[in-house]
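Participant: Here the protein sequences line up with chains A and B, keeping their order. Residue numbers for the first sequence follow this note's numbering, beginning at 1 and rising by one. Residue numbers for the second sequence follow this note's numbering, beginning at 1 and rising by one.
These aren't lab readings, by the way, just hints derived from the structure by calculation. A hint or two may mislead.
Straight-line C-alpha distance at most 30 Å; calculated DSS-like pairs for lysine-lysine [unchecked claim]:
#1 Lys247(A) x Lys89(B)
#2 Lys204(B) x Lys247(A)
#3 Lys94(B) x Lys247(A)
#4 Lys338(B) x Lys161(A)
#5 Lys161(A) x Lys137(B)
Some but not every residue of chain A turned toward chain B, in silico, with C-beta under 8 Å [what the hints assert, rightly or not]:
#6 Ser30
#7 Pro140
#8 Gly142
Residues of chain B placed beyond 10 Å of chain A at every Cβ, according to the derived structure [what the hints assert, rightly or not]:
#9 Leu72
#10 Lys166
#11 Ile168
#12 Asp211
#13 Asp249
#14 Lys295
#15 Met299
#16 Lys303
#17 Gly350
#18 Thr371
#19 Met375
For glycine and all other residues, C-beta sits at the position ideal for the given N, C-alpha and C.
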Amino acid sequence: MFRIGRRSRIFFVCALLIAPWIIQVIPTISHYLDVLVFAGIYTLITIGLSLLMGYAGQISLGHAAFFGIGAYISGILTVQYEWNPWFCMLVGVVVTVLVAFLIGTPALKLKGHYLAMATLAFGIVVFIFFNEEVAVTGGPDGMGGIPGLSIWGYSFDTELKYYYLVWGIVAAVFLFSVNLVHSRLGRALRAIHTSEIGANAMGVNVSVYKIQIFVYSAALASIAGSLYAHYINFISPGTFDLSFSVKLLIMIVIGGMYSIWGAILGAVLISFLSFEWLEMFKEYEILVFGLILLFVTIFLPDGIISLPKKLRGIMGKSKKPSGQKRD
Amino acid sequence: MTIMIVGLVSMVLGFSSCDKKTGGDVDVYKIGAVFAVTGGASFLGAPEKKTAEMIIQRVNENGGINGRKVELIVMDSEGDSTKASLQVKKLMTKENVLAVLGPSTSGNSIAVIPLAEKHETPLISCALSYKIVHNDKTGKPYKWVFKVAQADSQAVDMIFTHLVSKGIKKIAIMSVTTGYGASGRSEIIRLAPKYGLEIVAEEKYGPKDTDMTVQLTKIKSFEPEAIINWSVGPTQVTVVRNWKDLGMDNIKMVQSAGFGSLKNVELAAGSAEGVLLPLGAVNIAELLPADHPQKTVTMEYLKEYKGKYAEMVSTFGGHAWDSLNMVIKAIEKVGADKAKIRDELENATGFIGQHGVFNMSAADHNGLDKTSYNMVVVKNGTWAIAQ
Numbered sequence: 001m002f003r004i005g006r007r008s009r010i011f012f013v014c015a016l017l018i019a020p021w022i023i024q025v026i027p028t029i030s031h032y033l034d035v036l037v038f039a040g041i042y043t044l045i046t047i048g049l050s051l052l053m054g055y056a057g058q059i060s061l062g063h064a065a066f067f068g069i070g071a072y073i074s075g076i077l078t079v080q081y082e083w084n085p086w087f088c089m090l091v092g093v094v095v096t097v098l099v100a101f102l103i104g105t106p107a108l109k110l111k112g113h114y115l116a117m118a119t120l121a122f123g124i125v126v127f128i129f130f131n132e133e134v135a136v137t138g139g140p141d142g143m144g145g146i147p148g149l150s151i152w153g154y155s156f157d158t159e160l161k162y163y164y165l166v167w168g169i170v171a172a173v174f175l176f177s178v179n180l181v182h183s184r185l186g187r188a189l190r191a192i193h194t195s196e197i198g199a200n201a202m203g204v205n206v207s208v209y210k211i212q213i214f215v216y217s218a219a220l221a222s223i224a225g226s227l228y229a230h231y232i233n234f235i236s237p238g239t240f241d242l243s244f245s246v247k248l249l250i251m252i253v254i255g256g257m258y259s260i261w262g263a264i265l266g267a268v269l270i271s272f273l274s275f276e277w278l279e280m281f282k283e284y285e286i287l288v289f290g291l292i293l294l295f296v297t298i299f300l301p302d303g304i305i306s307l308p309k310k311l312r313g314i315m316g317k318s319k320k321p322s323g324q325k326r327d
Numbered sequence: 001m002t003i004m005i006v007g008l009v010s011m012v013l014g015f016s017s018c019d020k021k022t023g024g025d026v027d028v029y030k031i032g033a034v035f036a037v038t039g040g041a042s043f044l045g046a047p048e049k050k051t052a053e054m055i056i057q058r059v060n061e062n063g064g065i066n067g068r069k070v071e072l073i074v075m076d077s078e079g080d081s082t083k084a085s086l087q088v089k090k091l092m093t094k095e096n097v098l099a100v101l102g103p104s105t106s107g108n109s110i111a112v113i114p115l116a117e118k119h120e121t122p123l124i125s126c127a128l129s130y131k132i133v134h135n136d137k138t139g140k141p142y143k144w145v146f147k148v149a150q151a152d153s154q155a156v157d158m159i160f161t162h163l164v165s166k167g168i169k170k171i172a173i174m175s176v177t178t179g180y181g182a183s184g185r186s187e188i189i190r191l192a193p194k195y196g197l198e199i200v201a202e203e204k205y206g207p208k209d210t211d212m213t214v215q216l217t218k219i220k221s222f223e224p225e226a227i228i229n230w231s232v233g234p235t236q237v238t239v240v241r242n243w244k245d246l247g248m249d250n251i252k253m254v255q256s257a258g259f260g261s262l263k264n265v266e267l268a269a270g271s272a273e274g275v276l277l278p279l280g281a282v283n284i285a286e287l288l289p290a291d292h293p294q295k296t297v298t299m300e301y302l303k304e305y306k307g308k309y310a311e312m313v314s315t316f317g318g319h320a321w322d323s324l325n326m327v328i329k330a331i332e333k334v335g336a337d338k339a340k341i342r343d344e345l346e347n348a349t350g351f352i353g354q355h356g357v358f359n360m361s362a363a364d365h366n367g368l369d370k371t372s373y374n375m376v377v378v379k380n381g382t383w384a385i386a387q
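Next comes chain A alone, as it looks inside the complex (with noise of 0.2 Å):
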């Protein structure tokens, strides 16, 4: 909830837009544009995983299940049955809803340590499946040949391409995250967080709107999902396991998990941090990270999109007046 002033925002797609085309130029960082696809795949899960955590102050250590899920449903629909990918993704959000809604309303009525082990618990359940079921999902090795994906004949085979793609998709799920959050879901939601029981007694239907905003987490993680298969062309369990889940909870932390803004931080921040920056420290790549993370939840437990306003404060140049929290 840190106002983004509207310059800046408007920097903010101007950079979006012109960016890879400056990256490509650059010899050494030519690569960063891989980087970012990525980036832009992850700040998918991240935007809906920020309304959940921050926002409902829901907690979910399973969403690598729900990005798994998406992307082995467009993976084995367009590799066994050759159907559209496009047609796919929408089957793989189907699906993915049907399963967020079977696990979140029982799953929804725990708080704290309960429902963190719940989604703990699933996210394994769904990487055993991933891994054991090897006719279906060709198990551990994993399964290639996933086509890319392409609009009308124009298809998205260039890093650039699919840049535009995923980050245009990003935007628009931008958008509408933050009407969300400005509807009566969004604040249904902040009642929520700041008190279910108040809430309750204020008439707002919890259990219904915990159930939405993870319904609608568990699809954006989805798409996100079906995103990434197009994009390697092959997928494995491996990547859909705990450690990822807990990779998002990073990104949502050190970003800032009550910001969206923060959300599209930390995303883009871990996806540099841990595939290129680290890499010079080589085995103790782990360490530097680490204390990256316990830099950032000690001095700056807002995340790093808190950063702004903390050192104004700092420097006591205050704008406007602590009150306002809008985003």
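Given chain A's structure and the hints, the job is docking chain B onto it.
Facilitator: What follows is chain B alone, placed relative to chain A:
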């Protein structure tokens, strides 16, 4: 917000400038490698990286290849397919390497096949799955992809031949739920009828499991004469220890080639006595007869590796040795031309490696046969040829 943008941009530029500068070095032969140096598969990637670095250092000390130095770029995939994919892509495009060694695991290798085909750069995997060099759709190998590890079917053939010679009829299978375990298991099931063997029991376990007594106890009740365990890594040691602790050593225990490191025998603390396994010549260099075709290269590798790292050689380092030396030999002959290197690799015959004598061809991008394996038994804490 502006401050943040400025901060981000400077961070990007700062980090990227720390990246090794690559441009313009035409006077160096560049070879790339993607190994699982850390993470769950590090017992594969760590010796592979050490072997590769050792070889390149020696080559450069002797003046390089035809007078030109060689630069080896090793990237750590951590056993993750997404990372391996990004790294292979980076090596083939940004670094423009002449060939890529690895990845270390079957799953990672299969994931990067399309990249090798797209960027037309030879990829020599150090992993085992036959799917790496077999396109299910065309029945032929992928043009730019090779592998240097023996096939699971060859290991199973060797194991079964030995078991049958001992008059064994009933076997049980224990396998790990990874691609490696699944591949071995399906080969065992496929080939058992051919050798007249009956599979009386079958159990599975996960790669991070720490106790397999339940599975072994279940198997015991079916009274097999031999148990074949197909996994690689710490679980192989655990299974052997559990087997001994349960007093099941009247039932023969056969391990897959993944057990091929004396460190495993050490960790098993005595329980590995009598365990059988198929091994490539690299592990039993000292036991080979003087006229064995691989005697010289395996003894050399043993001396060099042990001398430099003070640890025993392993199967996996051997794969790195084979793949790197094949590439070096090809570069020696044709220089910095990826297509020509690929052709050289495809036509490599009589290449004496750590794991066998390789005879590649257009139809066979692995080049090994049954003779690349030797049946070995653990005796007095070390390897001995099984009788």
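Participant: Taking the hints in turn, state whether each one holds.
Facilitator: Hint-by-hint comparison with the structure:
1. Lys247(A) x Lys89(B): Holds - the C-alpha atoms of Lys89(B) and Lys247(A) are around 23 Å apart, at most 30 Å.
2. Lys204(B) x Lys247(A): holds (29 Å)
3. Lys94(B) x Lys247(A): Within the cut-off at roughly 27 Å; holds.
4. Lys338(B) x Lys161(A): holds (28 Å)
5. Lys161(A) x Lys137(B): holds (28 Å)
6. Ser30: Holds: closest Cβ of chain B sits about 6 Å from Ser30(A), inside 8 Å.
7. Pro140: holds (4 Å)
8. Gly142: Holds, because the Cβ-Cβ distance from Gly142(A) to chain B comes to roughly 6 Å (cut-off 8 Å).
9. Leu72: The assertion about Leu72(B) holds, with a minimum of 14 Å to chain A.
10. Lys166: The claim stands: Lys166(B) keeps its Cβ more than 10 Å from every Cβ of chain A (closest is about 32 Å).
11. Ile168: holds (28 Å)
12. Asp211: Since the minimum Cβ distance to chain A is about 18 Å, Asp211(B) lies beyond 10 Å and the statement holds.
13. Asp249: For Asp249(B), whose nearest Cβ neighbour in chain A is about 30 Å away, the distance exceeds 10 Å, so it holds.
14. Lys295: Its Cβ never comes within 10 Å of chain A, the nearest being 35 Å, so this holds.
15. Met299: holds (31 Å)
16. Lys303: holds (27 Å)
17. Gly350: holds (32 Å)
18. Thr371: holds (27 Å)
19. Met375: holds (27 Å)
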